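Peer 1: Sequence:
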Amino acid sequence: MTLSKVWLSQLPIDDITNVKPVSGGDINDSYMLETKSGRYFMKVQPKRGQAFFAHEVEGLHLLGEVANTPTVVATGEIGSDGFLILKWIDTGSGSQINLGKMVAKVHQQHAKQFGLDHNFTAGKLPKNNTWQSDWVTFYLDQRLKPLVDLAIKKGRWNDWRNSQFQSLCDQFKKYYSNHEIVPSLLHGDLWAGNYLFTEDGTPMLIDPDVFYGDRELDIAMTTIFGGFSQEFYQGYNSVYPLKIGVDKRLGWHQLNYLLAHLNLFGETYGPMVDQILKPY
Numbered sequence: 173m174t175l176s177k178v179w180l181s182q183l184p185i186d187d188i189t190n191v192k193p194v195s196g197g198d199i200n201d202s203y204m205l206e207t208k209s210g211r212y213f214m215k216v217q218p219k220r221g222q223a224f225f226a227h228e229v230e231g232l233h234l235l236g237e238v239a240n241t242p243t244v245v246a247t248g249e250i251g252s253d254g255f256l257i258l259k260w261i262d263t264g265s266g267s268q269i270n271l272g273k274m275v276a277k278v279h280q281q282h283a284k285q286f287g288l289d290h291n292f293t294a295g296k297l298p299k300n301n302t303w304q305s306d307w308v309t310f311y312l313d314q315r316l317k318p319l320v321d322l323a324i325k326k327g328r329w330n331d332w333r334n335s336q337f338q339s340l341c342d343q344f345k346k347y348y349s350n351h352e353i354v355p356s357l358l359h360g361d362l363w364a365g366n367y368l369f370t371e372d373g374t375p376m377l378i379d380p381d382v383f384y385g386d387r388e389l390d391i392a393m394t395t396i397f398g399g400f401s402q403e404f405y406q407g408y409n410s411v412y413p414l415k416i417g418v419d420k421r422l423g424w425h426q427l428n429y430l431l432a433h434l435n436l437f438g439e440t441y442g443p444m445v446d447q448i449l450k451p452y
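Per our numbering, the sequence shown starts with residue 173, numbered consecutively.
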């Protein structure tokens, strides 16, 4: 969207001298705001109000208790447009070992149940975060099955996928009936585009979709699209070692993100979904 002078004048930022569009994901309009006192990063959701960013702000605060996250300057809405303003971050390069250690510290933040105290309904794929006492109920009923139902509605599902998916669910239930999981604070969307290193090499987590769940869900996301080296996992395990056999379980949790991409972007992701389902 094009930001008018009238729109910009309503922001809680004084003396804006320049506004420059920048990259910031596929779901937001993103800008660098230059002022006499410094620079800011602003994301805008046209016509969707400030509620869209409330979940992200809470996520930044929760992660920020033990990890480096962007500083929230202001959030609100102008007309029906939601906005979130963060302090500008000059980026650099840094240690994957330190990134892994930081993510491990996030996962050491535990809750008594799986979920969160609010749902996230403003996104393209609404998330039901209702608290549950067991991971099987939360993950199957509030993550995977809703995505399968949506794929059916979109015509992106078939009998073979459904049969394989039911077998996967059976094995998932069997495993967790004998293995206790402590709910960990999760980033919720931990791919390579959602971390950065600051100019001095400090790792930082951005764009969270937090809730409390099995930490292997975050780890699975790091393995799908690349961007995390072996040093990342070495750093992670030095702080909070993963349980034996995690490699065999990653597919269960990779499926969550691949089903989301199947729904969002189409059959391009069908072969990846099928590869997960094939062994079952």
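You may find that some hints are simply not true.
[To be verified] Okay, derived cross-link-like pairs now, BS3-like style, lysine-lysine, Cα gap no bigger than 30 Å in a straight line: (1) 299 with 450; (2) 192 with 317; (3) 317 with 420.
[Unchecked claim] Each pair of labels, with its calculated beta carbon distance range: (4) 439 with 338: 20 to 30 Å; (5) 289 with 415: 19 to 29 Å; (6) 309 with 370: 33 to 43 Å; (7) 210 with 324: 18 to 28 Å; (8) 229 with 280: 37 to 47 Å; (9) 263 with 177: 43 to 53 Å.
Hint data in this document are derived by calculation from the structure and do not stem from the laboratory. Everything numeric in this text was worked out from a predicted model, so none of it was measured. Ideal placement from N, C-alpha and C gives every residue a C-beta, glycine not left out.
Peer 1: When the hints from earlier in the document are held up against this structure, which numbers fail?
Peer 2: Per hint list: 2, 7, 8, 9 violated.
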